[in-house]
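Novice: Sequence:
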Amino acid sequence: MIIIERLCILRITRLGGLRWLLLSLEKIGKRKAHRYYERMRYLLPRFEKCLEMNDYVEAAEKAWGIVSAFVNVYALTFEGREYKNDEKKKRKLVEFLNTVLPFDDELRKLVEDFSRGHVETLARALKGLHTYFYGGTTVSEYDAKHYLSYAKILLRILNEYAMVMSPR
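Here our numbering is used: the first residue of the sequence shown is -12, the next is one more, and so on.
Among the hints, erroneous ones may be present.
To be verified - Simulated pairs of lysine to aspartate or glutamate, EDC-like, Cα-Cα distance not exceeding 20 Å:
| # | residue 1 | residue 2 |
| --- | --- | --- |
| 1 | Lys19 | Glu69 |
| 2 | Lys114 | Asp92 |
| 3 | Lys139 | Glu69 |
| 4 | Lys96 | Asp73 |
| 5 | Lys96 | Glu107 |
| 6 | Lys132 | Glu25 |
| 7 | Lys36 | Glu93 |
| 8 | Lys19 | Glu35 |
| 9 | Lys36 | Glu25 |
What the hints assert, rightly or not - Label-pair ranges, simulated between beta-carbon atoms:
| # | residue 1 | residue 2 | range |
| --- | --- | --- | --- |
| 10 | Ser127 | Met40 | 27 to 37 Å |
| 11 | Tyr129 | Arg22 | 15 to 25 Å |
| 12 | Glu66 | Lys132 | 16 to 26 Å |
Simulated from the structure, these hints should not be mistaken for lab results.
What you are looking at is a predicted structure, and each value in this text was computed from that prediction instead of being measured.
Ideal Cβ positions, reconstructed from N, Cα and C, are used throughout, including at glycine.
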């Protein structure tokens, strides 16, 4: 738990130079974790561009891609494994958010505003964006816009956590 507390402090204070904290963890999956982090960095500006162009369908897929990559950075850093199944990724995201929520005021406010503090609801909405891309969901365009506005903030926060966890 102390590692998670320090991880939150690093993200909140943006002291990226203190990566030694996480480098002391098991180094299994180091290259893969970095590749997933690079994937996040690749998708984030494209996600923002899709939002600017009001292409909500494409933005929804990019948002889930960033979340998916983040979950694998997190899982590889702390467990030495990656996840392929979307439902397992959603559960892992919930686990991560519940772990850092007590230490991160910005994240807590986001979850409170979106879903009255229910992390599972936020994770379900993000996964719903993924199925929205394929047309396999009842999420309306209005709901997708609403979810994406919160996703934009969350993805920035997740990117900061991934930056601290990324081994390079």
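Novice: Run every hint past the structure and note whether it holds.
Specialist: How the hints compare with the structure:
Taking the CA atoms of Lys19 and Glu69, the gap is about 9 Å. The hint holds against a cut of 20 Å. Among the hinted pairs, Lys114 with Asp92 is inconsistent with the structure: their alpha-carbon atoms are about 24 Å apart, more than 20 Å. For the suggested pair Lys139 and Glu69, the alpha carbons sit about 24 Å apart, so the restraint of at most 20 Å is broken. For a cut-off of 20 Å, the pair hint linking Lys96 to Asp73 is broken: about 26 Å separates their Cα positions.
Restraint check: the Cα-Cα separation between Lys96 and Glu107 comes to about 15 Å, which is no more than 20 Å; the hinted pair holds. Pair hint Lys132 plus Glu25 does not hold up; C-alpha atoms about 26 Å apart against a cutoff of 20 Å. Taking the CA atoms of Lys36 and Glu93, the gap is near 24 Å; set against the 20 Å cutoff, the hint is violated. Taken as a hint, the Lys19 and Glu35 pair is broken in the structure, with Cα atoms around 25 Å apart against an allowance of 20 Å.
Restraint check: the Cα-Cα separation between Lys36 and Glu25 comes to about 18 Å, which is no more than 20 Å; the hinted pair holds. A hinted range of 27 to 37 Å for the beta carbons of Ser127 and Met40 is inconsistent with their spacing of about 20 Å. The given range of 15 to 25 Å is broken by Tyr129 and Arg22, whose C-beta atoms sit roughly 36 Å from each other. One distance hint, 16 to 26 Å for the beta-carbon pair Glu66 and Lys132, is violated here, with the actual separation near 34 Å.
Of the numbered hints given earlier, the model fails hints 2, 3, 4, 6, 7, 8, 10, 11 and 12; all others are met.
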